[in-house]
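Throw the hints in and build the complete structure from the sequences for me.
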Amino acid sequence: MVTLSSDSRPIIGRGPPLGARFFFLAVVSITLMVLDHRGGYLETAKMWMGVVTHPFYTIVQAPFDFWNWLTSSFADRARLRAENERLTEELRVARIRALQFEALSEENRRLRAIRAASDGIAERTLIAEIIRVDIDPFRHRVRINKGANHGVFKGQPVLDAFGIVGQVTEVDRYTAELILISDSAHATPVQVNRNGIRSIAVGTGDMGKLSLPFLTIEADVKVDDLLVSSGLDGVFPAGYPVARITKVERDPSQTFAVVEARPMAQLDRVREVLLLWFDANAQEPERTEVSSATGAPAEASRP
Amino acid sequence: MAVGEMRSSVMRVTITAVVALIFAILPLPAESEVARPNLLLLLIVYWSLSAPRIAGLMFAWFCGLALDLLQGPLLGQHAVAFLLIAFLTHKFQLRMRVFPIYHQTLTVFMLLTLYEFVLFWIDGIIGQAVTSWMRWLPVLTSTLLWPVVVAVLDTWNRRSR
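Chains as they are written, first to last, in numbering that gives the first Met the number 0: chain A, 0 to 302; chain B, 0 to 160.
Everything labelled a hint here was simulated from the structure, so no lab data went into it.
There's no promise every hint is true.
Stated by the list, open to error - Simulated coverage check for chain B against chain A, where a stretch passes if three residues somewhere in it have a Cβ under 8 Å from a Cβ of chain A:
(1) 15-28
(2) 32-39
(3) 49-63
(4) 74-82
(5) 85-95
(6) 119-132
Stated by the list, open to error - Label-pair distances were calculated between CB atoms; the ranges are:
(7) Glu4/B to Arg268/A: 45 to 55 Å
(8) Phe65/A to Thr112/B: 33 to 43 Å
(9) Val26/A to Lys90/B: 15 to 25 Å
(10) Ser7/B to Glu84/A: 55 to 65 Å
(11) Asp135/A to Glu4/B: 35 to 45 Å
(12) Gly238/A to Met10/B: 55 to 65 Å
(13) Leu27/B to Ala81/A: 29 to 39 Å
(14) Thr130/B to Ala44/A: 26 to 36 Å
(15) Ala81/A to Thr154/B: 49 to 59 Å
(16) Thr130/B to Arg270/A: 25 to 35 Å
(17) Gln253/A to Lys90/B: 51 to 61 Å
(18) Val26/A to Val17/B: 22 to 32 Å
By construction, the Cβ of each residue, glycine as well, lies at the ideal position given by its N, Cα and C atoms.
Spelled out as structure tokens, the structure:
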């Protein structure tokens with residue numbers, strides 16, 4: 000049984016009655032929800048309210064940061080040397096690849112200029128770290144430790160070393176929220192790297208699975224085909240790896256094949272992500288909607 | 000004396016609310032994450048019963064708004080759900096306070112279900128409904144936690160009186 004704590008204030012004359020207060024606050028919250036959802040009128044307000052929430056994230060993050068600091072400062076010599084060797088080796092391989100990349104990207108740029116198409120090459124990148132906070136177990140959203148102060152903007156593409164991770168949905172001064180490509184409210188315009196067939200990869204709510212619901216049974220896709228971003232949404236630059244096809248099922252009585260793919264990015268393990276700025280003017284101006292709209296992706300998938 | 004006691008009560012309410020907010024975003028192992036008990040809501044019910052003049056509707060509303068800022072996709076969603084629960088608790092506080100503990104737990108279970116339903120409903124309106132049955136797990140874990148919360152906070156209240 001709950002005990003009543005002492006309370007010395009008078010009972011009468013304490014402001015408006017309970018029902019009136021409830022009604023007033025309910026109206027305020029519903030107004031907030033409508034403003035937030037319908038028009039996004041609260042962007043600036045939210046940005047400043049990040050100042051309030053930031054201490055909470057810092058507190059939750061602190062033990063992990065401390066642990067990381069501890070393990071890295073007491074790491075033993077042999078391990079550091081082994082790691083150093085491995086990294087040097089990786090750097091050497093990457094340098095050689097980069098040599099080819101320079102030439103290829105130059106050639107690519109020239110070819111795209113001939114076709115007057117967008118070039119998908121990033122202008123500027125920034126590494127951000129994912130904050131260890133749980134936002135919502137049913138939605139694939141994560142927070143990163145870079146915000147508007149670092150120039151992060153809404154709808155910015157986010158990658159890791161293996162492929163596209165997601166895009167920024169909300170920004171405040173110090174942090175930003177990402178939606179992962181595996182969230183069931185996210186759709187990524189992709190094309191099959193082998194033959195250029197365009198489609199939409201929709202998140203399933205499972206980190207290891209994307210689904211491609213708009214491929215007909217005649218579509219030329221095979222297991223192990225690489226899907227890259229098509230750049231048609233104006234959010235993701237073209238040509239970055241998104242997923243690899245894991246399952247194609249063709250039922251002759253159906254119009255669409257059941258196609259599933261596995262994201263290239265390590266969505267469940269990634270700690271550091273890459274924010275991308277690219278020349279948006281070169282891209283088509285149209286944008287697809289992230290939130291739950293199935294109409295917009297269908298529109299983008301039209302050949 | 001009375002003012003000092005009042006101040007210590009305010010402090011207790013604030014401290015527990017901040018702890019519950021931190022608990023709400025604390026990373027848990029992926030398996031137990033879906034069943035994370037809703038400590039903040041339990042606290043709001045508890046303080047609405049125990050210190051109704053301190054933890055009023057405004058308190059519940061601000062707690063909800065803080066939760067919205069920390070995790071919600073929509074500003075005002077948790078705020079309105081918390082507000083409804085706080086309103087009902089305030090409305091029936093005289094009765095709820097004298098219920099035996101199992102009866103009280105049952106009432107809290109109903110409040111929690113209502114809370115989850117409001118969230119579910121708003122999610123549906125904005126078109127992001129989570130239809131998995133697992134979203135109702137926190138109702139169960141929170142209900143089980145209620146007697147513990149009451150025992151701990153009651154002891155604390157008596158100790159500091």
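Hint check results:
1. 15-28: Coverage by chain A holds here, the residue count being 6 at a Cβ distance below 8 Å.
2. 32-39: Held - the stretch 32-39 of chain B has 3 residues with a Cβ nearer than 8 Å to chain A, which meets the minimum of three.
3. 49-63: Three-residue rule met by the stretch 49-63 of chain B, so holds; n is 10.
4. 74-82: With 6 residues closer than 8 Å to chain A, the stretch 74-82 of chain B meets the three-residue bar; holds.
5. 85-95: Since 4 is at least three, the answer is holds.
6. 119-132: This one holds; 6 residues, not fewer than the three required, reach chain A with a Cβ under 8 Å.
7. Glu4/B to Arg268/A: 45 to 55 Å: Because 51 Å falls inside the window, the suggested range holds.
8. Phe65/A to Thr112/B: 33 to 43 Å: For Thr112/B against Phe65/A, whose Cβ atoms are near 39 Å apart, the range 33 to 43 Å holds.
9. Val26/A to Lys90/B: 15 to 25 Å: 18 Å, holds
10. Ser7/B to Glu84/A: 55 to 65 Å: 60 Å, holds
11. Asp135/A to Glu4/B: 35 to 45 Å: About 39 Å separates the Cβ atoms of Asp135/A and Glu4/B, which means 35 to 45 Å holds.
12. Gly238/A to Met10/B: 55 to 65 Å: This hint holds: roughly 57 Å between Cβ atoms.
13. Leu27/B to Ala81/A: 29 to 39 Å: Holds: the Cβ-Cβ distance is about 33 Å, inside 29 to 39 Å.
14. Thr130/B to Ala44/A: 26 to 36 Å: Given a distance of about 31 Å, which is inside 26 to 36 Å, the answer is holds.
15. Ala81/A to Thr154/B: 49 to 59 Å: 53 Å, holds
16. Thr130/B to Arg270/A: 25 to 35 Å: 31 Å, holds
17. Gln253/A to Lys90/B: 51 to 61 Å: 54 Å, holds
18. Val26/A to Val17/B: 22 to 32 Å: Holds: the Cβ-Cβ distance is about 28 Å, inside 22 to 32 Å.
The structure is consistent with each of the numbered hints, conforming to all of them.
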